[in-house]
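Residue numbers (our numbering), protein chains in the order written: chain A, 4 to 146; chain B, 4 to 146; chain C, 4 to 146; chain D, 4 to 146.
Since the hints were derived computationally from the structure, they do not count as laboratory data.
Errors might be hidden in some of the hints.
One copy or any two copies: either way a pair holds, since identical chains are not told apart in the list.
Claimed, not checked - No more than 25 Å apart at the CA atoms, straight line, and that leaves these computed lysine to any residue pairs for SDA-like:
{"#": "1", "residue 1": "K139", "residue 2": "V88"}
{"#": "2", "residue 1": "K105", "residue 2": "G53"}
{"#": "3", "residue 1": "K77", "residue 2": "T8"}
{"#": "4", "residue 1": "K139", "residue 2": "A74"}
{"#": "5", "residue 1": "K77", "residue 2": "P29"}
{"#": "6", "residue 1": "K139", "residue 2": "T91"}
{"#": "7", "residue 1": "K77", "residue 2": "R24"}
{"#": "8", "residue 1": "K139", "residue 2": "R37"}
{"#": "9", "residue 1": "K105", "residue 2": "I55"}
{"#": "10", "residue 1": "K105", "residue 2": "R25"}
{"#": "11", "residue 1": "K105", "residue 2": "G83"}
{"#": "12", "residue 1": "K139", "residue 2": "V78"}
{"#": "13", "residue 1": "K105", "residue 2": "G49"}
{"#": "14", "residue 1": "K77", "residue 2": "G49"}
{"#": "15", "residue 1": "K139", "residue 2": "A70"}
{"#": "16", "residue 1": "K77", "residue 2": "L52"}
{"#": "17", "residue 1": "K105", "residue 2": "T138"}
{"#": "18", "residue 1": "K77", "residue 2": "N16"}
{"#": "19", "residue 1": "K139", "residue 2": "M87"}
{"#": "20", "residue 1": "K105", "residue 2": "D48"}
One-letter residues, chain by chain:
Protein chains: 4
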Amino acid sequence: MTLTTELIEKLINAAKEEAVRRQFPPVNISVCDRAAHLAGFLRMDGAILGTIDVAHRKARTAALFEADSGALGKVAHPDGPSYMVEHTNGGLINFGGGVVIKDADGVVIGAVGVSGASVEEDEIIARAAAVAALTKEPAGHAA
Amino acid sequence: MTLTTELIEKLINAAKEEAVRRQFPPVNISVCDRAAHLAGFLRMDGAILGTIDVAHRKARTAALFEADSGALGKVAHPDGPSYMVEHTNGGLINFGGGVVIKDADGVVIGAVGVSGASVEEDEIIARAAAVAALTKEPAGHAA
Amino acid sequence: MTLTTELIEKLINAAKEEAVRRQFPPVNISVCDRAAHLAGFLRMDGAILGTIDVAHRKARTAALFEADSGALGKVAHPDGPSYMVEHTNGGLINFGGGVVIKDADGVVIGAVGVSGASVEEDEIIARAAAVAALTKEPAGHAA
Amino acid sequence: MTLTTELIEKLINAAKEEAVRRQFPPVNISVCDRAAHLAGFLRMDGAILGTIDVAHRKARTAALFEADSGALGKVAHPDGPSYMVEHTNGGLINFGGGVVIKDADGVVIGAVGVSGASVEEDEIIARAAAVAALTKEPAGHAA
Numbered sequence: 004m005t006l007t008t009e010l011i012e013k014l015i016n017a018a019k020e021e022a023v024r025r026q027f028p029p030v031n032i033s034v035c036d037r038a039a040h041l042a043g044f045l046r047m048d049g050a051i052l053g054t055i056d057v058a059h060r061k062a063r064t065a066a067l068f069e070a071d072s073g074a075l076g077k078v079a080h081p082d083g084p085s086y087m088v089e090h091t092n093g094g095l096i097n098f099g100g101g102v103v104i105k106d107a108d109g110v111v112i113g114a115v116g117v118s119g120a121s122v123e124e125d126e127i128i129a130r131a132a133a134v135a136a137l138t139k140e141p142a143g144h145a146a
Numbered sequence: 004m005t006l007t008t009e010l011i012e013k014l015i016n017a018a019k020e021e022a023v024r025r026q027f028p029p030v031n032i033s034v035c036d037r038a039a040h041l042a043g044f045l046r047m048d049g050a051i052l053g054t055i056d057v058a059h060r061k062a063r064t065a066a067l068f069e070a071d072s073g074a075l076g077k078v079a080h081p082d083g084p085s086y087m088v089e090h091t092n093g094g095l096i097n098f099g100g101g102v103v104i105k106d107a108d109g110v111v112i113g114a115v116g117v118s119g120a121s122v123e124e125d126e127i128i129a130r131a132a133a134v135a136a137l138t139k140e141p142a143g144h145a146a
Numbered sequence: 004m005t006l007t008t009e010l011i012e013k014l015i016n017a018a019k020e021e022a023v024r025r026q027f028p029p030v031n032i033s034v035c036d037r038a039a040h041l042a043g044f045l046r047m048d049g050a051i052l053g054t055i056d057v058a059h060r061k062a063r064t065a066a067l068f069e070a071d072s073g074a075l076g077k078v079a080h081p082d083g084p085s086y087m088v089e090h091t092n093g094g095l096i097n098f099g100g101g102v103v104i105k106d107a108d109g110v111v112i113g114a115v116g117v118s119g120a121s122v123e124e125d126e127i128i129a130r131a132a133a134v135a136a137l138t139k140e141p142a143g144h145a146a
Numbered sequence: 004m005t006l007t008t009e010l011i012e013k014l015i016n017a018a019k020e021e022a023v024r025r026q027f028p029p030v031n032i033s034v035c036d037r038a039a040h041l042a043g044f045l046r047m048d049g050a051i052l053g054t055i056d057v058a059h060r061k062a063r064t065a066a067l068f069e070a071d072s073g074a075l076g077k078v079a080h081p082d083g084p085s086y087m088v089e090h091t092n093g094g095l096i097n098f099g100g101g102v103v104i105k106d107a108d109g110v111v112i113g114a115v116g117v118s119g120a121s122v123e124e125d126e127i128i129a130r131a132a133a134v135a136a137l138t139k140e141p142a143g144h145a146a
C-alpha cells in the first residue's frame, strides 16, 4: 500500500471528522510521505495560524524517525539521551500530534501531523487518521 | 465570501478534476489565504517532488502581490522595471500557475498555485480552481 | 475595527509615550497585523540593536497564536506540554512583551511587540498600546 | 545630525504625505540607519503585502552601499560590471525606491525604502523623505 492521492484525502477527512465529531477546536492537518515530503494539508476554519507550521513539523518528525512525535520527547529533553536532537532536520517537534501512518503489514508509508487543539486532542485526531488508513472504506466525506 | 474549509476543498477538487479531465500530468495544488498562509494542499499520484515547493511559491506570489504569478514575470525580468523582485519574500515565482482567488465582488480572498505539468497546463488547472470559487455548487468530489 | 494606518500610528505613539512617561529605557516597538505581517515599527533613540528582532518576534508570536508571548512561555518549557514549540514559525519568543491587539468586540486584529527594557517593562509598554487601541481618542502625539 | 526617533517619524510622515498628496497608491515605508538596521516602518492602508519586504530591501540596499537602489541596477545587471552583486547581503534591490538620507553636510545617516506604487512613484515618495531630512520644520503631520 502506498500513499495515493485517494489515501491522502481519506487521512485528511478522517482527521477533520474526528475533530468535528469530538467538538475539538479547529486544527491544521498535515500529511507527508515516507520521505517527509508534503503530500496533503487542510486548515479547518479558525485554526490558529501559528499551528500550521507545527502540524507540518509533527508530520515530518514522525516520518523522518518512523516514530510518533511524542516518543521523540522522551529522548529529546534536557534529561534525556538525545537532548537537542530536536534541532536537527530543520527543527523537529517532540510532543504529541505527529503519528506514523502504517499499512496493513506495519510498514511506515507516511505520517500525519495535527496541531491547533491541546496536545492530547491533536494526538487523538492524528490517531484517527492512522486508523482510517487501515480500513477498507472509500475516501471522502463520511455519511 | 471568505476562504472557508469547504471552499479550500472545493478549489483543490476543481484543480484535481481539471488535471484528470484534460489528461495532464499529475500536479501539486497549493492553496493559501489572502495573507499567504497555507490553507490547503494536495499532491496527485506521481507529481514531481520538486514541484511541491514551486506550487507553494506560486500561490504565495499571487496572494502577496494580488496578481497572477505570470504577471510578475513581465516586470521581474532583466529588461523589466522590477528585475530581481522575484528574490524578495523568500523567493517568488515569475511564471504562470499562481492565480488569485476572488469572490463575486472581485475581492482577493486567497490564491492557488499549481505545478507539475507544463507552465501552460499548470495555469489552466489553476484557473479552473479560480472559476470554481465563483460557482454555487457544493464542494466535494464530482459525480 | 481593522488595523488602519491611523491605528498603527496610535499604537506606536501610545507605546512610546508610556516608555517616556515611566522613564523606562528606550525600546523597539513592532506592530503586525492579524496574519503576522509587519504593519509598523519605531526604534526609540538608543534602543539596543539586538532587540529590534526580539520586538518583531514578540509581535509575530502574539499574532500567530492569538495569545500574549508570555503565555507561550508557560507551555514552551522543558517541563511544559509544548517544549520547543518556540522553534517553530521561524523562531518565536516565549517571554513577555508581545501583546495581542483586540477591538472592542474582543476580536484579535493584530499584535504589538516591545523589546529593549526589562521583560516586565516591555510588557507594561506593550499593554499601554493594547489599551490605546480601545480608546476613542485620535492618533498622534499626546498633548 | 543623527537618525533620531524624531527624524525617523519625520521621514515616514513626509513619505506618507507625499503619497497622499500626489494620489499615488498606498505604499510601505521603511527607514533604516547608517548600519542598515531597521529604524522605522509604516504600512499605508491597502499597501500590497508583498511590497513590505521590497521596501525593507530598498532601504537596506541604499544604506549598505551609500547609494540609491536605482544606481545599483546600472551595475547589477547581466550586462553590467557587477552582475549578481544583488544576491549578496541577503538579497538587494536594484531598481528605484531606496534613497540615502544625508545630513546638511552630505554625510549618509540612513536610508528610506518605499514600495507599493510604480517604481517611479516609489522613488518620488522616497525622495520626499530625503528632502524632509534637510528641512528645519518639526516632525509630525503637515498643516
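Okay, the hints, checked on the actual structure:
no., hint, verdict
1, K139 to V88, "neither (37 Å within a copy, 36 Å between copies)"
2, K105 to G53, "between (28 Å within a copy, 18 Å between copies)"
3, K77 to T8, "neither (33 Å within a copy, 31 Å between copies)"
4, K139 to A74, "neither (28 Å within a copy, 42 Å between copies)"
5, K77 to P29, "between (27 Å within a copy, 22 Å between copies)"
6, K139 to T91, "neither (37 Å within a copy, 36 Å between copies)"
7, K77 to R24, "neither (30 Å within a copy, 29 Å between copies)"
8, K139 to R37, "within (21 Å within a copy, 29 Å between copies)"
9, K105 to I55, "both (23 Å within a copy, 22 Å between copies)"
10, K105 to R25, "within (24 Å within a copy, 29 Å between copies)"
11, K105 to G83, "neither (27 Å within a copy, 29 Å between copies)"
12, K139 to V78, "neither (35 Å within a copy, 39 Å between copies)"
13, K105 to G49, "between (30 Å within a copy, 16 Å between copies)"
14, K77 to G49, "between (31 Å within a copy, 23 Å between copies)"
15, K139 to A70, "within (24 Å within a copy, 36 Å between copies)"
16, K77 to L52, "between (27 Å within a copy, 19 Å between copies)"
17, K105 to T138, "within (11 Å within a copy, 34 Å between copies)"
18, K77 to N16, "neither (30 Å within a copy, 32 Å between copies)"
19, K139 to M87, "neither (40 Å within a copy, 37 Å between copies)"
20, K105 to D48, "between (28 Å within a copy, 18 Å between copies)"
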